[in-house]
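Q: Top line first, the protein sequences correspond to chains A and B. Going from the first sequence to this note's numbering is simple: count from 1 and add 7. Going from the second sequence to this note's numbering is simple: count from 1 and add 1058.
Honestly, the hints are just simulated from the structure, not real lab data.
The calculated label-pair distances, taken between Cβ atoms and stated as ranges, are:
id, chain 1, residue 1, chain 2, residue 2, range
1, A, Lys10, B, Gln1243, 56 to 64 Å
2, B, Gln1243, A, Glu53, 42 to 50 Å
3, B, Gln1279, A, Lys10, 56 to 64 Å
4, A, Lys272, B, Ser1154, 30 to 38 Å
5, B, Ala1257, A, Lys272, 53 to 61 Å
Far from chain B by the CB rule (all over 12 Å, computed), these chain A residues:
id, residue
6, Ala26
7, Ser41
8, Lys49
9, Val136
10, Glu185
11, Gln218
12, Val271
13, Ser273
14, Gly291
15, Lys303
Each residue gets a CB set at the ideal place from its N, CA and C atoms; glycine is no exception.
Read off the chains here:
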Amino acid sequence: MEKKATRYGYSEALLEMGAVDQNIVVLDADLSRSTSTELFMKKFPERFFNLGVAEQNLMGVAGGLSLMGKIPFATTYSIFASGRAWEQLRTTVCYSNLNVKIGGSHAGVMTGPDGASHQALEEITLTRVLPNLTVFVPCDYIEAKKATLAAAKIKGPVYIRLGREAIPIITTADTVFEPGRGIVMRPGTDLTIIACGVMVNEALQAAVALQERGISARVVNLHTLKPLDETLIEKCARETGAIVTAEEHEIYGGLGGAISEAIVKSWPVPVEMVGVKDQFGESGQPEELLRHFNLKDTDIVAAAEKVLARKNKKQGI
Amino acid sequence: MDIEQLKTKARKIRYDIIKMIAAAGSGHPGGSLSSADLLTALYFSKLKHRPREPFWADRDRFVLSKGHCAPVLYACLAESGYFPVEKLITLRQLGSCLQGHPSCRGLDGVEVSTGSLGMGLSVAVGMALGARLDNKKTRIYCLMGDGETQEGQIWEAAMSAGHYKLDNLCGIIDSNKLQIDGRVQQIMNIAPVADKWRAFGWNTLEIDGHDFKQILSSYDQAEKTTGQPTMIIANTVKGKGVSFMEDREEWHGKAPSKDLAEKALKELS
Ligand SMILES: Cc1ncc(C[n+]2csc(CCOP(=O)(O)OP(=O)(O)O)c2C)c(N)n1
Ligand SMILES: [Mg+2]
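Assemble the whole structure, with the sequences as input and the hints as a guide.
A: Here it is in structure tokens:
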């Protein structure tokens, strides 16, 4: 399978848009090589601003540019965008409903050797509580590109969670990307695996393994964490009666938390969560870390078996 | 407006401030009163704006970074004609567009929501960059408190404005020497203020923030300055214009009682 990092989907989309729309401006905080916004800087230097190691100012300056009619893409590592500058994101950007786009790269344990300080595992939690904000967690390079293009068309703030590591490309140019609408990647009737980011691929692998055991698992790619596709989530709960969530992120307040909140309001069914559980990351190689934190297809299979046992017990089977 | 008219207008602004804070039963009179002359001069003699066309593209921009001084901003907006002066007494009431700290949601003339200190100057820097990208003559103004400049983000913004040589940006510090818990110098000394801004690449002016001649001339000097942003350090008196509030830390963030409000309003009428 071809692999490419989602951060490149982001920066290539910026290049594409930059060529046709003078209002696209890109900001970075001394990480333009890592985030790959340097592509934009080289092509459109007059519309690129490197604010240095100053993420709170980065967020506010992006806000000011948006107020002058620009469409700023403020870019840094995900932990700094969502953590260091959280209150600027909240009060300057979201409360004022400014047209600021935030690209947070190097999310998740797959950031690898840099270790816990750089592996953002909390941004879904931190961003999805902010009114007016749209939150995208693309599953591959192609989707990251589409999410970035879509972000520019949305009027209001958008957060895009991106990764450093090359990950499998599992969607195609034809896959429809509609903000706020999850994608059923694989049909299934016994349970639904709802995943985001790199875990969509793991979920698809898990579904194949489950099929071999006679279990039919539906796989949903939930690329938008806010607004949440509550209609689809309820439909999956009703139709399959069990849910496994899978995220390369903290389950508390993350995808697992979001799905749970949604289904207790609509159609409660057993839920198992695959994700990081109240832990910080660690240094290591990306694949090794996925295994270490139990974020592999095999972990999803185990969670599926557990959730099915709960579902059957509930139904008295 | 000439200086005599500005003086009269500033009295009215101060009157409005006391009136609305008294009606609300809470709010921040001290820093609103200390910056009343600075903002009166800005709104009535300097700023290019069209109160009846609040989103006029070529307007100058004003950011109230010290958002707790919303009353002085609301008074200036109302007195300029953005909304009826009678509306001022709805300050801090449920459903009013006059939120305790400025919100751009629902109140034209407020460019961006503030209230958390230290954030406004960054926004002003972004506005200045945006104006420059479009070759606009727009000028950007940002008012900060002296205590507020203890925030780290202020210095991130200061550095970036100096770096980008934003001569369309004019910062104003309401240097009233007080913050909530006491004297700025005692709580966390920020001196030497002018040297700090100069070191960050700013053209720095020190004025008497209650002298209209000096205020207007500093705004003009800022406009004439090229290749550098300007910071006007305005020496002021917190609570200025209301005798019992002047230079008293306890009037930072409380409303006067009915009796004291009457006394204050009498002094201001
Ligand atoms: C980030 C943040 N921290 C604390 C506060 C609470 N607060 C409101 S006003 C103030 C003191 C501000 O002093 P100064 O900037 O000198 O304002 P002024 O004297 O002009 O009223 C504080 C600490 C706040 N609004 N924002
Ligand atoms: Mg002060």
